[in-house]
Amino acid sequence: QKEVEQNSGPLSVPEGAIASLNCTYSDRGSQSFFWYRQYSGKSPELIMSIYSNGDKEDGRFTAQLNKASQYVSLLIRDSQPSDSATYLCAVFFMDMGRRALTFGSGTRLQVQP
Amino acid sequence: ETGVTQTPRHLVMGMTNKKSLKCEQHLGHNAMYWYKQSAKKPLELMFVYNFKEQTENNSVPSRFSPECPNSSHLFLHLHTLQPEDSALYLCASSQDGAGAVNEQFFGPGTRLTVL
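First to last, the protein sequences are chains A and B. For the first sequence, counting from 1, position 86 maps to 86 in the numbering used here; every step adds exactly one. For the second sequence, counting from 1, position 75 maps to 75 in the numbering used here; every step adds exactly one.
One or more of the hints may lead you astray.
Only some residues are given here: those of chain A computed to face chain B with a beta carbon under 8 angstroms [said to hold, decoys possible]:
{"id": "1", "residue": "Thr24"}
{"id": "2", "residue": "Phe34"}
{"id": "3", "residue": "Ser40"}
{"id": "4", "residue": "Leu46"}
{"id": "5", "residue": "Ile50"}
{"id": "6", "residue": "Pro81"}
{"id": "7", "residue": "Phe92"}
{"id": "8", "residue": "Arg99"}
{"id": "9", "residue": "Phe103"}
{"id": "10", "residue": "Ser105"}
To be clear, the hints were calculated from the coordinates, so they are not data collected in a lab. The beta carbon of each residue, even a glycine, is placed where N, CA and C say it ideally should be.
All chains should be modelled from the sequences, with the hints used to inform the complete structure.
This is how it looks when you write it as structure tokens:
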């Protein structure tokens, strides 16, 4: 059973601070990693993808991947109240011919004005 | 039309009804997916179609029946559902379903309530 683990939160940060969201996964062979943002009552929205070790930056978002530790994180700089949402980590597994994106249960982020 | 669309957005049905959910993607993708999202549970993959062929059926009960007539359209036919099937049903698409570069884009979802 391939697993993706996230702390459910809520993670509360003040406006302007850095929010750090973490995710661990069970399969060393995983190659693709994604972060989705989901506002309450809405569908997931892709915000970052990362495929190799290291950091990937896009605006206020930075994804960090460490395959040796099976760990992927998302940093949100200068957090805004509009960033308050649930952040889903997703990992693409290939296992015995089956290919599937497996999601964590999400971390709820609250940015306090 | 942009992205991935789903209809209806909300559906209430009795356990003896038959209904269908529709998904359409306007991204030129070749893979489409059905997911179920229940309260306080991770997204659950139900079905995967790659180039119109079903490549995944994640042990979904037969009361859910998918149909993919072409790479742009995906249906989920529902019959004799149970109250525990009430959930948000999400459709997604990606360039293809086989590669590791597999960015999936979601539609707005159908909120299903089974009475």
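Hints, one by one, checked against the model:
1. Thr24: Violated: closest Cβ of chain B sits about 14 angstroms from threonine 24/A, beyond 8 angstroms.
2. Phe34: 7 angstroms, holds
3. Ser40: Check failed: Cβ of serine 40/A comes no nearer than 11 angstroms to chain B, outside 8 angstroms.
4. Leu46: 6 angstroms, holds
5. Ile50: Where the cut-off is 8 angstroms and the nearest Cβ of chain B is about 11 angstroms from isoleucine 50/A, the hint is violated.
6. Pro81: 23 angstroms, violated
7. Phe92: Phenylalanine 92/A check passes; min Cβ-Cβ to chain B is 5 angstroms, inside 8 angstroms.
8. Arg99: Since chain B brings a Cβ to about 6 angstroms from arginine 99/A, closer than 8 angstroms, the hint holds.
9. Phe103: Holds: closest Cβ of chain B sits about 4 angstroms from phenylalanine 103/A, inside 8 angstroms.
10. Ser105: 5 angstroms, holds
The structure does not agree with the numbered hints 1, 3, 5 and 6 stated previously, though it agrees with the rest.
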